[in-house]
Amino acid sequence: MAHYVPVEKILFFQDIYQTLKPVAILLSYDLMQQTENIELRWMQNLALDCGLTAIQAEKMLARLSGEFHLIAADTQTGLLALVGFRQCKRYC
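1428 is the number of the first residue of the sequence shown in the numbering used here; add one for each residue after it.
Hints listed in this document are in silico derivations from the structure and should not be mistaken for laboratory results.
Please note that the accuracy of each hint is not assured.
What the hints assert, rightly or not - Computed list of lysine to aspartate or glutamate pairs in EDC-like fashion (alpha-carbon distance at most 20 angstroms, straight line):
| no. | residue 1 | residue 2 |
| --- | --- | --- |
| 1 | Lys1516 | Asp1501 |
| 2 | Lys1436 | Asp1501 |
| 3 | Lys1436 | Asp1457 |
| 4 | Lys1486 | Asp1457 |
| 5 | Lys1486 | Asp1476 |
| 6 | Lys1516 | Asp1457 |
| 7 | Lys1436 | Glu1494 |
| 8 | Lys1486 | Glu1466 |
| 9 | Lys1486 | Glu1463 |
Required output: the full structure, derived from the provided sequences and hints.
Take a look at the structure:
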């Protein structure tokens, strides 16, 4: 979960790549940097649908910028390719 890694994500991914067997698959489930406000509203609605209160959902969104180290999905895909992963696919 790369969103917990504050800096040097490339070293994090490089360590993973070097640890895996050559034909292994990396499956990573990460929070990504939002590019539009509609994505934040979608996340808030999802949290509400999952049972969070409105106040809890607002606090969750506030934590995104303070406690997590988010990067854009394209940036993460680029870093994975840079360290050696041959195929990078995103599933949203």
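Outcome of the hint check:
Note on Lys1516 and Asp1501: the hinted pairing holds, with a Cα-Cα distance of about 10 angstroms set against a maximum of 20 angstroms. For a cut-off of 20 angstroms, the pair hint linking Lys1436 to Asp1501 stands: about 14 angstroms separates their Cα positions. Taking the CA atoms of Lys1436 and Asp1457, the gap is near 12 angstroms; set against the 20 angstroms cutoff, the hint holds. This hinted pair checks out: Lys1486 and Asp1457 have alpha carbons roughly 19 angstroms apart, not beyond 20 angstroms.
With a CA separation close to 15 angstroms, the supplied pair Lys1486 and Asp1476 stays within the 20 angstroms bound. The hinted pair formed by Lys1516 and Asp1457 meets the criterion: a straight-line CA distance of about 13 angstroms does not exceed 20 angstroms. Proximity of Lys1436 to Glu1494 is assessed by CA-CA distance (about 16 angstroms); at most 20 angstroms being required, the pair is judged to hold. Under the criterion of a C-alpha separation no larger than 20 angstroms, the hint pairing Lys1486 with Glu1466 is consistent with the structure, at around 16 angstroms.
For a cut-off of 20 angstroms, the pair hint linking Lys1486 to Glu1463 stands: about 19 angstroms separates their Cα positions.
Consistency with the previously given hints is maintained throughout, with no hint failing.
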